[in-house]
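Trainee: Residues per chain, in single letters:
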Amino acid sequence: MSIFVDENTKVVVQGLTGSQGRFYGLRNRAYGTQVVAGVNPKKAGTDVEGIPVLATVKDAVASTGANASMVIVPAPGAAGAVIEAAEAGIELIVCLTEGIPAHDEALFFNRLEREFPATRLIGPNCPGLLTPGKCNIGFIPAEVALAGGPVGIVSRSGTLTYQALKELGEKGVGVTTCVGIGGDPVPGTSFIDCLSRFEADPDTRAVIMFGEIGGSAEEEAADFIAREMTKPVVAYVAGVTAPPGKKMGHAGAIISGSKGTAQAKMEALRAAGVTVALNPTEAGDAMARIVASL
Amino acid sequence: MDLFEYQGKQLFARFGIPVSPGAAVETVDDAVAAADRLGYPVVVKAQVQVGGRGKAGGVKLANDTTEARTHASNILGMDIKGHVVRVLWIEKASDIEQEYYASFTLDRSAKKYLGMLSARGGVDIEQVASEEPDAIARIHVDPVDGLSEQEARAWVEAAHLDPRATDGAVDVLLALYRAYTDGDADLVEINPLILTPDGRVHALDAKVSLDDNASFRHPEWAEFGGQQTLDHREALAKERGLQYVGLDGTVGIIANGAGLAMSTCDVVNQVGGAPANFLDIGGGANADVMTGALEVINSDENVASIFINIFGGITRGEEVAKGIVQALERVELRAPIVIRLDGTNAEEGRAILKDHESDRLVSKPTMLEAARTAVELAGKGAR
Numbered sequence: 000m001s002i003f004v005d006e007n008t009k010v011v012v013q014g015l016t017g018s019q020g021r022f023y024g025l026r027n028r029a030y031g032t033q034v035v036a037g038v039n040p041k042k043a044g045t046d047v048e049g050i051p052v053l054a055t056v057k058d059a060v061a062s063t064g065a066n067a068s069m070v071i072v073p074a075p076g077a078a079g080a081v082i083e084a085a086e087a088g089i090e091l092i093v094c095l096t097e098g099i100p101a102h103d104e105a106l107f108f109n110r111l112e113r114e115f116p117a118t119r120l121i122g123p124n125c126p127g128l129l130t131p132g133k134c135n136i137g138f139i140p141a142e143v144a145l146a147g148g149p150v151g152i153v154s155r156s157g158t159l160t161y162q163a164l165k166e167l168g169e170k171g172v173g174v175t176t177c178v179g180i181g182g183d184p185v186p187g188t189s190f191i192d193c194l195s196r197f198e199a200d201p202d203t204r205a206v207i208m209f210g211e212i213g214g215s216a217e218e219e220a221a222d223f224i225a226r227e228m229t230k231p232v233v234a235y236v237a238g239v240t241a242p243p244g245k246k247m248g249h250a251g252a253i254i255s256g257s258k259g260t261a262q263a264k265m266e267a268l269r270a271a272g273v274t275v276a277l278n279p280t281e282a283g284d285a286m287a288r289i290v291a292s293l
Numbered sequence: 000m001d002l003f004e005y006q007g008k009q010l011f012a013r014f015g016i017p018v019s020p021g022a023a024v025e026t027v028d029d030a031v032a033a034a035d036r037l038g039y040p041v042v043v044k045a046q047v048q049v050g051g052r053g054k055a056g057g058v059k060l061a062n063d064t065t066e067a068r069t070h071a072s073n074i075l076g077m078d079i080k081g082h083v084v085r086v087l088w089i090e091k092a093s094d095i096e097q098e099y100y101a102s103f104t105l106d107r108s109a110k111k112y113l114g115m116l117s118a119r120g121g122v123d124i125e126q127v128a129s130e131e132p133d134a135i136a137r138i139h140v141d142p143v144d145g146l147s148e149q150e151a152r153a154w155v156e157a158a159h160l161d162p163r164a165t166d167g168a169v170d171v172l173l174a175l176y177r178a179y180t181d182g183d184a185d186l187v188e189i190n191p192l193i194l195t196p197d198g199r200v201h202a203l204d205a206k207v208s209l210d211d212n213a214s215f216r217h218p219e220w221a222e223f224g225g226q227q228t229l230d231h232r233e234a235l236a237k238e239r240g241l242q243y244v245g246l247d248g249t250v251g252i253i254a255n256g257a258g259l260a261m262s263t264c265d266v267v268n269q270v271g272g273a274p275a276n277f278l279d280i281g282g283g284a285n286a287d288v289m290t291g292a293l294e295v296i297n298s299d300e301n302v303a304s305i306f307i308n309i310f311g312g313i314t315r316g317e318e319v320a321k322g323i324v325q326a327l328e329r330v331e332l333r334a335p336i337v338i339r340l341d342g343t344n345a346e347e348g349r350a351i352l353k354d355h356e357s358d359r360l361v362s363k364p365t366m367l368e369a370a371r372t373a374v375e376l377a378g379k380g381a382r
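Protein sequence lines correspond, in order, to chains A and B. With numbering that gives the first Met the number 0, letter number 171 in the first sequence gets 170, and the count goes up by one each step, no holes. With numbering that gives the first Met the number 0, letter number 302 in the second sequence gets 301, and the count goes up by one each step, no holes.
Among the hints, erroneous ones may be present.
[Unchecked claim] Which residues of chain B face chain A? A partial, calculated answer using Cβ under 8 Å:
1. Phe215
2. Leu259
3. Cys264
4. Val266
5. Pro274
None of these hints come from the bench; they were simulated from the model. Small disclaimer: the values here were computed from a predicted structure and weren't measured. We treat Cβ as the ideally placed atom computed from N, Cα and C, and that holds for glycine.
All chains should be built: construct the whole structure from the sequences, respecting the hints.
Mentor: Rendered as structure tokens:
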């Protein structure tokens with residue numbers, strides 16, 4: 000089993016005809032993902048190495064049965080692309096685009112929640128998600144991952160997501176699903192959304208969570224873990240040595256008061272019974288030990 | 000992008016928020032001329048992007064030309080918590096009866112906008128917030144609905160402002176909400192928002208942080224860019240579109256992705272080193288971006304080794320490698336490079352680097368090994 004995506008996921012790529020969209024669309028297909036269509040109103044009727052390009056997401060859903068969308072369009076068009084996918088009835092929208100204005104994000108997050116409650120948004124500004132051996136949507140270099148579980152991965156940072164997969168892969172530990180939720184201020188899917196799905200997934204028996212400084216998502220996750228999770232969780236929070244008050248890259252990573260520091264997050268997670276590692280390698284080692292004892 | 004007070008006020012004025020007449024100046028003579036023109040008394044205000052300037056002596060009242068000259072010459076060039084004052088805002092002084100506080104920002108937990116309004120504005124608002132949280136009236140605004148006049152009025156009533164301020168405050172809050180949303184700001188804050196004896200509500204200060212991601216739809220922001228106080232490394236990085244934060248160690252750091260870059264700083268620290276900077280080349284960086292990043296690191300004379308930590312997803316290994324080779328040809332690097340390259344097209348990248356490996360370019364298979372080597376080399380370089 001897995002969460003969010005599996006071998007039945009059919010993906011339409013919004014932005015397939017752009018250079019990044021083409022590279023990753025084809026890469027995802029080569030991995031085995033069902034990439035069924037691309038969308039571009041100006042290039043409808045053409046194809047990208049056999050993947051048909053249609054005018055709208057609605058057309059793609061009608062003619063291919065697409066149930067997931069990968070949004071990889073430039074930031075000014077991202078909000079429109081997300082809403083178009085939701086209106087076409089797409090169940091899972093994976094928005095990879097970075098640099099989307101914060102007000103656009105806040106607006107489409109709240110519109111989806113109210114008007115399209117059945118639609119799940121992952122991202123924006125995320126690396127996508129991977130169910131090894133079955134489906135890869137986005138940038139994750141899936142070759143470093145082993146299929147089959149028992150570990151679920153959720154991470155706020157793209158590159159740390161890859162690091163987590165590699166640490167586990169090298170130790171021979173498999174992964175059910177790996178979700179990069181993205182580091183923007185208003186992520187469509189939160190740590191808690193993923194943790195609760197992993198808790199309910201019978202094949203996931205332990206979870207790795209990679210957070211970073213800023214906001215309070217890790218503290219909220221700690222709360223959820225203490226109340227609801229029976230499965231072991233290993234966590235790492237990046238930014239222990241970050242100077243306070245500096246904005247470091249992600250819009251999300253802004254330290255606010257004592258809440259939001261790596262120390263505060265690690266303490267909250269430890270108090271919730273989470274094994275807290277000081278770097279990604281240590282997290283992989285700790286998880287390998289936990290898996291061996293399951 | 001954080002605006003100076005006077006830029007924030009210009010933005011507020013565009014959205015219809017009442018502000019005092021004033022002038023931004025860079026010399027003492029211009030300050031005096033502006034003060035004479037505005038009419039006394041005036042307030043001479045240091046323009047720095049750091050709190051606490053009033054307590055540091057950066058805000059003074061001048062009653063005549065002589066005082067204006069004295070204050071302007073004292074404040075220009077003043078160092079306020081590491082920020083040197085280069086610009087003054089000369090403003091007509093206001094009669095203040097009461098000081099309020101108003102702001103809008105994003106509540107990331109609620110995923111809604113958060114408005115805060117208090118009858119207890121002024122320099123101690125943070126203390127008020129922590130000691131008497133009830134003294135701040137909070138409102139959540141759903142971005143889909145926006146803020147209605149009715150909601151704004153109820154909010155003002157909940158904050159217990161002077162009844163004479165109600166209408167003026169409602170107008171200011173509605174305009175402030177538009178400045179926040181239509182203005183694409185991450186933060187808009189007025190502290191203090193004042194009530195004058197004749198019953199007008201008026202912004203006496205302005206703190207605005209604009210969302211850089213929205214700059215594509217705000218060509219007018221170009222006028223705000225020129226006067227940001229950056230150190231030379233940060234200015235150089237900004238020109239090249241890199242996310243850079245200067246630190247004071249000796250290991251220069253380049254990574255892709257903010258999370259990995261922070262993690263790289265953490266690991267360098269854990270193995271006994273000190274990062275010279277945080278530098279995120281972002282997603283999908285090509286060879287030129289990598290070369291630019293190395294040039295920025297190279298401009299920092301404290302750097303004794305350079306640790307490049309790349310785990311490619313959207314960033315491709317061969318582009319990273321080409322950038323390093325290009326940089327080696329183009330600039331004389333002051334410090335040796337240790338690289339760890341993984342992920343998308345990493346093998347192609349490593350093949351390109353293989354011919355260039357030497358004691359100035361070392362490749363390591365893991366993040367920890369690379370960190371140890373970089374810290375070791377930095378120790379040697381420092382000696």
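Trainee: Decide, hint by hint, whether the structure agrees.
Mentor: Now for the hints, and whether the structure bears them out:
For Phe215(B), the shortest C-beta to C-beta distance to chain A is roughly 6 Å, which falls under 8 Å, so the interface hint holds. Hint on Leu259(B) holds. Least Cβ distance to chain A is approximately 4 Å, under the 8 Å limit. With its C-beta approaching chain A no nearer than about 5 Å, Cys264(B) sits inside the 8 Å limit, and its interface hint holds. Proximity of Val266(B) to chain A holds as hinted, the smallest CB-CB distance being about 5 Å (cut-off 8 Å).
Taking 8 Å as the C-beta cut-off, the interface hint given for Pro274(B) holds, the closest approach to chain A being about 7 Å.
Against the hints set out earlier in the document, no violation occurs for any number.
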